[in-house]
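Peer 1: Spelled out from the first residue to the last, the chains are:
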Amino acid sequence: NAGVTQTPKFQVLKTGQSMTLQCAQDMNHEYMSWYRQDPGMGLRLIHYSVGAGITDQGEVPNGYNVSRSTTEDFPLRLLSAAPSQTSVYFCASSYSLPQGAVPYEQYFGPGTRLTVT
Amino acid sequence: SQQGEEDPQALSIQEGENATMNCSYKTSINNLQWYRQNSGRGLVHLILIRSNEREKHSGRLRVTLDTSKKSSSLLITASRAADTASYFCATDGYSTLTFGKGTMLLVSP
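Those protein sequence lines, which keep their order, are chains A and B. With our numbering, the residue at position 113 of the first sequence is 269, and numbering never jumps. With our numbering, the residue at position 58 of the second sequence is 102, and numbering never jumps.
Derived from the structure by calculation, the hints contain no laboratory data. Beta carbons are placed, not taken as given, at the ideal position from N, Cα and C, and that holds for glycine. Be aware that a few hints might be false.
Stated by the list, open to error - Facing chain B, according to a computed beta carbon distance under 7 Å, are these residues of chain A, among others:
(1) Leu199
(2) Leu201
(3) Gly207
(4) Gly209
(5) Val216
(6) Gly219
(7) Tyr220
(8) Pro259
(9) Glu261
(10) Phe264
(11) Gly267
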């Protein structure tokens, strides 16, 4: 199993550009999530999904869009990149759980380092 | 907003010593998890402790939970250089986990 994969590993964008960060998992996990990690801030939840067709906002959703058409994939879209979105982005997945239940251990991807100039 | 807060922010020890890091949180929880992050990598799950448990062991790791004080501690015994990493606690919410800012542990040979 590849686990959780993320592409690209590194990306540089100009302000105003859009892009999609890809995330895929092959563990048949229903729960997937996106975090951003900034120095001194820890990880902050952007969006999450408890299953295909269901997404919800986390702590810092503004400027980001998600969709979940399959169990395996959970792409994160930056609609109009801003320097404040310079960060390391992590995708994670977890075993299935009913909506509202406590997430079990999460499996993280290797991250995408994004710089917006 | 951050639910869990780790303490200390940074810890430097010698190989063979024990390392203790603490996590405090604000609201009641169902469980608390600890993760490790090596430099430039994703997080790796270490251990989960439920709110009705007081102590849990996994290899050289010992986690305690005191729900009355809303705090948890992670003890790494007989540390090794390979334990050098950042350690995060995570508390549960509605379908989500909230991570603290982490403790950076440096273990010198």
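Peer 1: Compare the structure with each hint and give your call.
Peer 2: Checked hints:
1. Leu199: Holds, because the Cβ-Cβ distance from A/Leu199 to chain B comes to roughly 4 Å (cut-off 7 Å).
2. Leu201: holds, 6 Å
3. Gly207: Given a least distance of 11 Å, the restraint on A/Gly207 is violated.
4. Gly209: Hint on A/Gly209: violated, closest Cβ of chain B at ~15 Å, above 7 Å.
5. Val216: violated, 11 Å
6. Gly219: violated, 19 Å
7. Tyr220: violated, 15 Å
8. Pro259: holds, 5 Å
9. Glu261: A/Glu261 check passes; min Cβ-Cβ to chain B is 4 Å, inside 7 Å.
10. Phe264: Status holds, d = 3 Å.
11. Gly267: Cβ of A/Gly267 sits 6 Å from chain B, so the hint holds.
In terms of the numbered hints stated before, the structure departs from hints 3, 4, 5, 6 and 7, listed from lowest to highest.
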